[in-house]
Structure formats: C-alpha cells, structure tokens
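2 protein chains.
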Amino acid sequence: MKLYLDCIPCFFDQAIRAGRIAGADEETIKRLLDEIGGMVRDISMQTMSPEVGRRIYGKIREVTGNDDPYKEIKARSTQQALALHDRLKREIRESTDPLLTAVRIAAAGNVIDYGIDRQFDMEEEIHEVMEKDFAIFDYDPFRRRLAAADSVFYIGDNTGEHVFDRLLIEEMGKPTVFVVREVPVINDVTYDDAVCGGLDSVATIMSSGSDAPGNILRLCSPEFMRVYDSAEFVISKGQGNYEGLSEESKTIFFMLKAKCKVIAEDIGVEEGDIILKGINT
Amino acid sequence: MKLYLDCIPCFFDQAIRAGRIAGADEETIKRLLDEIGGMVRDISMQTMSPEVGRRIYGKIREVTGNDDPYKEIKARSTQQALALHDRLKREIRESTDPLLTAVRIAAAGNVIDYGIDRQFDMEEEIHEVMEKDFAIFDYDPFRRRLAAADSVFYIGDNTGEHVFDRLLIEEMGKPTVFVVREVPVINDVTYDDAVCGGLDSVATIMSSGSDAPGNILRLCSPEFMRVYDSAEFVISKGQGNYEGLSEESKTIFFMLKAKCKVIAEDIGVEEGDIILKGINT
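First to last, the sequence lines map onto chains X and R.
For the first sequence, the working numbering gives the first residue as 1, with consecutive numbering after it.
For the second sequence, the working numbering gives the first residue as 1, with consecutive numbering after it.
Source of the hints: derived by calculation from the structure; they are not laboratory data.
A portion of the hints provided could be inaccurate.
For chains that are exact copies, the list does not tell them apart, and a pair is met inside one copy or across any two.
[What the hints assert, rightly or not] Computed list of lysine-lysine pairs in DSBU-like fashion (alpha-carbon distance at most 30 Å, straight line):
(1) 89 to 132
(2) 174 to 2
(3) 259 to 89
This is chain X alone, in the form it adopts within the complex (with noise of 0.2 Å):
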C-alpha cells in the first residue's frame, strides 16, 4: 500500500507519543517534530508507511536517546496475555469449531490497543472483540490453505498480541516460523518478546532483519526472503504488515483491525472493522 497524504500528520501524532512514552521532555520532542517536520520533503508518495515510519522511530531512538521506549508497556502487555493463555486454551478446545475460536482470539488480539497505558482487563475485551462479526471473513480459504499446507509463515505485529498469536499457532498445529521485528521499533514484538511469549515452544522464530514496523520485503534480509520465498502461504498480523505486503503476490491472509481511515478506505471496510482478508487464494 502506498502513502497517503493523511499519514503525514500522523507520523508527527506518533512521534509525540513515543516521545511521551520514551519519558522525553516537550522541547525534546519538539526538537523531534523539527525533524520529522524537515523530512516531509524527501518522503515520496511512492514510498509504504512503514518505510517512514522506520525512519522516524530511528529518528524517535536518536533524539531521546531512549532505544526502546515501549519495553515497560511490551512487558506488561506479555504478563496480562500470558495470564490468559491457559483459559483460552481451554475455550478453545471445548468450542464446536477450535480453529474458528483459535483464529476470533488471534484477531480480537490485534484489536486491544497495548500502547495505551491504562487499566483495562484484557480478557473481557477479548471477549468482547470475540463476539464481534469480521467484516470480510474469508476463514473458508483460510481453512483450505491450512489443510493442505504442511507448515505455516506466521508474521507477528504488537507483542501481548503475540501470546494469543501462540493459541492459534498451536490450534494449527503444523510447524510454523514466527516472524518479528530485527529491533525494538513501537511496540511490536521483536525475538525476546516473542521467547517471553513463549513463541519459541511452538514454533521457529525469525527475524525479517527489519526496523521498519511492517514488513517490506524490499527492507527484509536474504534469509528472511529465502524462507518467505518457499512458504506455502503467509498468516499477517496488524496494520503495518498489511502496508508492507497488500499488493504482493503470494498467497496472504491478512487479519487486522483497521484503526485508521486510511487502512479502512484501502481495504474497502469502516474503520473501527476486523478482518480476515485473503489475497491471492
């Protein structure tokens, strides 16, 4: 997916809160903003979000001198998921469809907003996520693919949101590869998070070799890109992922929640909506 003029402003909102949240002071941030605001004019509108977006997380690390500003929240969000595992399990097993229940929690996962340093309790909002209707759900593709294939590509997004990527990978069943960020970049999950998680006990966690906080091929290593290259068909998690990969030609399910009207637009939905989108099929 290309740039949007819309994503512009945005990039500034972002920086401010990881600015925030790195614990920088308003004339640091606004030393941020001078930057980012001296960039606008080298971002092409050919570029993907996430390319930007790499740029100004490295720009965030660089002027608060704060490397991974999320790592308190990313810890939190593991422990709370991680509380729920066990439970979710069980709902998942006893439902009359474990991989449609496996697949609901795997996408009301996306939906939970880790940045937002609030109380709230994660496992109502699960469910209540749960009980929502996708507005594209294409989970009979998703099915097929998964029956016939002999392992799963499995691109991970926000860490908390990791653990109940887990779920779903162990309801598949069949060996997996974990992808993740090569460094800390927002609060996506990178391999410690992911090993935090308990992603290495089901499956092959690999990075992209990417800062960027969605997966562009182009930015990817060569090993990434060789295992990308023979996967049978790819599992993407989350907005910025679906930036990266939404006009690739591989076989992709995409599950997300639009939070933006730039996203919603371009996948045709409402913001606000879920979906399990397949590409390619």
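Chain R: place on chain X using the hints.
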C-alpha cells in the same frame, strides 16, 4: 493560550483539508506539507496557535493559488442559516427566557461543522444542541454584565454561525460592534460574509485588522485596539478566539464547543463539551 505540541500534527491535518477544499491535487498538497514541514523548526512553543494558523493559511493561499478556498462553503452556510432566522427569532420571543434561548442558539451556531461538505439538516442540529447541557455555564454573570452595559463587543467566528450571533445581538438589544477577520481564513467570518448574513443591520461591523484565524491582540489594528480597550465586556465565539484571548485581563465571555482535546484540557472540560465561560467577571 500557548501552543501545545499536539497542535503541530493538527496544522498538517488542516493543510490537507484546506488544500482539498481548494481543489488542489495531491501533488500540490504534498508540496504544501513540505513547506509546512520546513516551518516547524521556526514555530516557538510560546506562540499562540492562531499565529501559526495565520502563516499556514497564508502558505495554503500561496501554494494552491486560491485566496478563499471556503468561499462556496461559506456562502452556502450563510444561506442555510438565513433560512432559519425568522423561525428561530419567533422561538426566542415565545420562550420563557428569551435571552437564555438566544444564548443557546448562538452557542449551537458554534457546534455546527460548517467545513464538512455534507447535506445536513441545520435546523435539526441546532435544536439537538440546544437541548444539551453546557459543561460550564456562566449565564448569571453574563446576564448581569449585559444588563449593566451600554454596549456589546462581539467577536465572531465561523460564517453561517454569524447568523445565529445576529439573533443573540438582536435579543440583547444594545449597540454592538461585531468583529470579523480582515481577510478570508478558513471559514471565518469576514466583512462581506457579515453583510451577507445581515449583521450590518444590527451591529457595526469591524475588522480585527488581522488575518489570523483567532483574535490575537498583538496582531490587531490600532483602530480595533481602541474600540476593544474601551469595550465594557467582550463576547468571544469559538476556539480560535479563545486561543488568542484566554489570558487577557478584560471581562470576556467565551462561547464555544471544545472541538479538540487540547482546547478541552486547557479549559478543563471534555472534548465535545459546550461552554459559556466568563473570565474576569
């Protein structure tokens, strides 16, 4: 009110919106954002938002070549509001507290989003808003100041809204100066707009002498300042004027809807709240 960091992304949002309304293509709007990006470094956090807004809307005029992007929207809003004038006037006259009803109508005028180019039932919207409770409602000091005053100094905001201001001016029944912007900026009311709305028949229309989308005294003309200084009290409509005047030492009654989080926090209310707030009463 000084600038908040969160105003900076909003400047980019506003530029996109105004650029689109001006009919500029995406490439031209991108050029506009490039220019505004370069301006961020020069924005001091000690400035007031309408002062930056003034420079940004100047840039919009320059880059799009359109001196008044909101011209048609303004004309349409005025016509729609004028069509309601007589009915609302009757409603004021027939109510148990005509001044209160006129205040409610004038406040409702600030709630309507005139910038949105959709079909809507203005009458229905006005009545919906009139039913709402104000989060701050300094009606008693307002009534007292008005009763004691020989004249009213009234600073307008949006075009269309000014017809509802006219109803309040008619009801107050005192010699009134109605202040407009010197040149078109956003959909703010100018001299010509005020005349189209019939304000010349109920008030002396006066320009602030400034092209800022909010009344910043430092930017106003000496003529304006002479009348402002001698005013007994001021009615100030909308956010932009609040931003410019919130720390002044004069008796001012702000009548507005808090349309963004930043203003709401500064006032101490929730986003979306309607207020009639007096200072130095």
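task = List, from low to high, the hint numbers that the structure doesn't satisfy.
result = Number 2 only.
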